Amino acid sequence: MAVANTTLPQDRIAFSRKIAYGLGAFVNNLLAAAIGGMMIILNLGFGMNPALVGIAGAIPRATDALIDPLMGFISDQTRSRWGRRRPYIFVGAILSGISYAVLWAMPIGKTESFYFWYFVIGSNLFYVAYTIFAAPWVALGYELTPDYHERTRLMGVQNFIGQIAYLVSPWFLWIMTHKPWFSTPTEGARSLALTIGIVAACVGILPAIFLRERFVHEPETEASTAAREARTSLWQSTKHHTIEFLAGCKSTLQSRPFLKLCIATFLVFNGFIMISSFQSYVIIYYVFGGNQERGAEYAGYAGTLGAVSTFAVIFFITWLATKIGKKRAFYVSTGLSMVGYAVKWFCYDPSRPWLVMLPAPLMAFGLGGLFTLMGSMIADVVDCDELETRQRREGMFGSIYWWVVKVGMAAALAGGGFLVNWTGFDVALAGAQTPRTLVLLRLCDVLVPFIASGIAIWAISGYPITEEKAQDVRQELERRRGLANQPVVIP
Numbered sequence: 001m002a003v004a005n006t007t008l009p010q011d012r013i014a015f016s017r018k019i020a021y022g023l024g025a026f027v028n029n030l031l032a033a034a035i036g037g038m039m040i041i042l043n044l045g046f047g048m049n050p051a052l053v054g055i056a057g058a059i060p061r062a063t064d065a066l067i068d069p070l071m072g073f074i075s076d077q078t079r080s081r082w083g084r085r086r087p088y089i090f091v092g093a094i095l096s097g098i099s100y101a102v103l104w105a106m107p108i109g110k111t112e113s114f115y116f117w118y119f120v121i122g123s124n125l126f127y128v129a130y131t132i133f134a135a136p137w138v139a140l141g142y143e144l145t146p147d148y149h150e151r152t153r154l155m156g157v158q159n160f161i162g163q164i165a166y167l168v169s170p171w172f173l174w175i176m177t178h179k180p181w182f183s184t185p186t187e188g189a190r191s192l193a194l195t196i197g198i199v200a201a202c203v204g205i206l207p208a209i210f211l212r213e214r215f216v217h218e219p220e221t222e223a224s225t226a227a228r229e230a231r232t233s234l235w236q237s238t239k240h241h242t243i244e245f246l247a248g249c250k251s252t253l254q255s256r257p258f259l260k261l262c263i264a265t266f267l268v269f270n271g272f273i274m275i276s277s278f279q280s281y282v283i284i285y286y287v288f289g290g291n292q293e294r295g296a297e298y299a300g301y302a303g304t305l306g307a308v309s310t311f312a313v314i315f316f317i318t319w320l321a322t323k324i325g326k327k328r329a330f331y332v333s334t335g336l337s338m339v340g341y342a343v344k345w346f347c348y349d350p351s352r353p354w355l356v357m358l359p360a361p362l363m364a365f366g367l368g369g370l371f372t373l374m375g376s377m378i379a380d381v382v383d384c385d386e387l388e389t390r391q392r393r394e395g396m397f398g399s400i401y402w403w404v405v406k407v408g409m410a411a412a413l414a415g416g417g418f419l420v421n422w423t424g425f426d427v428a429l430a431g432a433q434t435p436r437t438l439v440l441l442r443l444c445d446v447l448v449p450f451i452a453s454g455i456a457i458w459a460i461s462g463y464p465i466t467e468e469k470a471q472d473v474r475q476e477l478e479r480r481r482g483l484a485n486q487p488v489v490i491p
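Counting from 1, one number per residue, gives the positions in the sequence shown under the numbering used here.
In case anyone wonders, no lab produced these hints; they're calculated from the structure.
Note that the structure is a prediction, hence the values are computed from the model and not measured.
Ideal Cβ positions, reconstructed from N, Cα and C, are used throughout, including at glycine.
Take these hints with a grain of salt, some might be off.
No more than 16 Å apart at the CA atoms, straight line, and that leaves these computed lysine to aspartate or glutamate pairs for EDC-like [said to hold, decoys possible]:
| no. | residue 1 | residue 2 |
| --- | --- | --- |
| 1 | Lys-179 | Asp-11 |
| 2 | Lys-323 | Glu-187 |
| 3 | Lys-179 | Glu-293 |
| 4 | Lys-469 | Glu-386 |
| 5 | Lys-323 | Glu-468 |
| 6 | Lys-469 | Glu-293 |
| 7 | Lys-327 | Glu-187 |
| 8 | Lys-323 | Glu-386 |
| 9 | Lys-110 | Glu-187 |
| 10 | Lys-323 | Glu-150 |
| 11 | Lys-250 | Glu-467 |
| 12 | Lys-469 | Asp-349 |
Restraint ranges, calculated between C-beta atoms of paired labels, are given here [stated by the list, open to error]:
| no. | residue 1 | residue 2 | range |
| --- | --- | --- | --- |
| 13 | Trp-345 | Phe-114 | 38 to 48 Å |
| 14 | Cys-202 | Val-120 | 48 to 58 Å |
| 15 | Val-439 | Arg-352 | 33 to 43 Å |
| 16 | Ser-16 | Ser-80 | 33 to 43 Å |
| 17 | Gly-290 | Gly-462 | 45 to 55 Å |
| 18 | Arg-352 | Ser-80 | 53 to 63 Å |
| 19 | Leu-246 | Ser-191 | 37 to 47 Å |
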């Protein structure tokens, strides 16, 4: 095994800047966890059918996935005095906070159809705002350092800070259903969403304020200015940018290393998302016999333990990746999470409810390792792409990556709702669910993420970018454009 290269002083990112970038991860995770974790109130509070809840969650995510690549392309092509990423991060954070608060301000006493369409339309608007913030923020992280290991350290810090959101998100259901605070779950949802919206807007603007971009566009030449002026009509300009956008999408999807990362993330993340509500159903209706408050309490304990454990996982996987490589570190983290999923079958026990917390530290390796390693690996892919195409396309790669994830998330949420119906679950039965329903809920909760994670390990086995190759690519890029001081000018 080759000795790891030493990170040069000029390649290191100041810890304060890593924290600033990590605050974006906190907002990103808070909004993602909130909209996923609060959707159960559409069933338990507003009385919507679980399958309809799944569809209501899937449709906006599909829309979100479609606009992600467009936002990445726009960010890559932007020329402004504030940079390619920062203006969108600033505006997107504010719009995301406002739209999320409005999303859950649904009036009571309406029909199921009203709630469905209110949520679908409102969440579509929310996801537009969320993408304006998230796509440029993700892209910004890929360009902050050219160093192979410093990228992993950056992603470790941002993932660590992002996990703070998951310390509180497991308690969202408990907060919304806690009767001393709120008379109904719907009232709890409105108040919680307002709080989340304010936090997202205030914290989300900080990366735009305190970070500086490494790459800037080179000044326009007379030839490029003439070409731009030639496209004076709206039609000509739209046609030109559409062709560029489609060509960029095609080129990005032709990168085999990148596709392997997308497939692995799709499987690990969306395998978890598909059964994200199943754990709450199993704990409430199997472990606690239908007692929502007690079940939500223990689900909160397990979720918080998992979030706390993720902090240690991030430290460990960040360190491990610098010793054995990013790909092998992925094998370790995903494999340990599979052990955690498997032992849920034995630990979710009505006679010993405290056992629900034992699988949480092992399951934390799944997403904790995934989002520490994937961002660093994609940054390496972006360098390889620049070597081939002579373009810096962090926005396109980041947005296509999340496009793949979100398309899968839309399918996973819809599939999850139908899976709940397939098990025979009926909220009206409360604690009197049939034995068959409880067994099927438990099987889905264990097998779906376990199998998906196993396939992900197989998919990533062919990922070709080693530390040695990444260093060779960097040296060639620096030879081509020179080892420039910050910021680096790109065409």
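Quick rundown of the hints versus the structure:
Proximity of Lys-179 to Asp-11 is assessed by CA-CA distance (about 52 Å); at most 16 Å being required, the pair is judged violated. Note on Lys-323 and Glu-187: the hinted pairing is violated, with a Cα-Cα distance of about 50 Å set against a maximum of 16 Å. Of the supplied pair hints, the one linking Lys-179 and Glu-293 holds, its CA atoms being roughly 9 Å apart against a limit of 16 Å. Restraint check for Lys-469 and Glu-386: satisfied, since their Cα atoms lie roughly 14 Å apart, inside the 16 Å limit.
In summary, the hint linking Lys-323 to Glu-468 is supported, as the alpha carbons are separated by about 13 Å, within the 16 Å threshold. In summary, the hint linking Lys-469 to Glu-293 is not supported, as the alpha carbons are separated by about 53 Å, beyond the 16 Å threshold. The suggested pairing of Lys-327 with Glu-187 is violated, with an alpha-carbon distance near 46 Å, which exceeds 16 Å. Between Lys-323 and Glu-386 the alpha-carbon distance is near 27 Å, which puts this suggested pair outside the 16 Å criterion.
A hinted pair counts as satisfied when its Cα atoms are at most 16 Å apart, and Lys-110 with Glu-187 qualifies at roughly 15 Å. With a C-alpha separation of about 13 Å, the suggested pairing of Lys-323 with Glu-150 holds against the 16 Å cut-off. For a cut-off of 16 Å, the pair hint linking Lys-250 to Glu-467 is broken: about 27 Å separates their Cα positions. Between Lys-469 and Asp-349 the alpha-carbon distance is near 49 Å, which puts this suggested pair outside the 16 Å criterion.
For the pair Trp-345 and Phe-114, the beta carbons lie near 40 Å from each other, so the given range of 38 to 48 Å is met. Range check, Cys-202 to Val-120: Cβ separation about 28 Å, and the 48 to 58 Å hint is violated. For the pair Val-439 and Arg-352, the beta carbons lie near 19 Å from each other, so the given range of 33 to 43 Å is not met. Between Ser-16 and Ser-80 the Cβ separation comes to about 24 Å, which falls outside the hinted range of 33 to 43 Å.
Range check, Gly-290 to Gly-462: about 47 Å between beta-carbon atoms, so the 45 to 55 Å window is met. For Arg-352 and Ser-80, the Cβ-Cβ distance of about 59 Å falls inside the hinted range of 53 to 63 Å, so the restraint holds. For the pair Leu-246 and Ser-191, the beta carbons lie near 44 Å from each other, so the given range of 37 to 47 Å is met.
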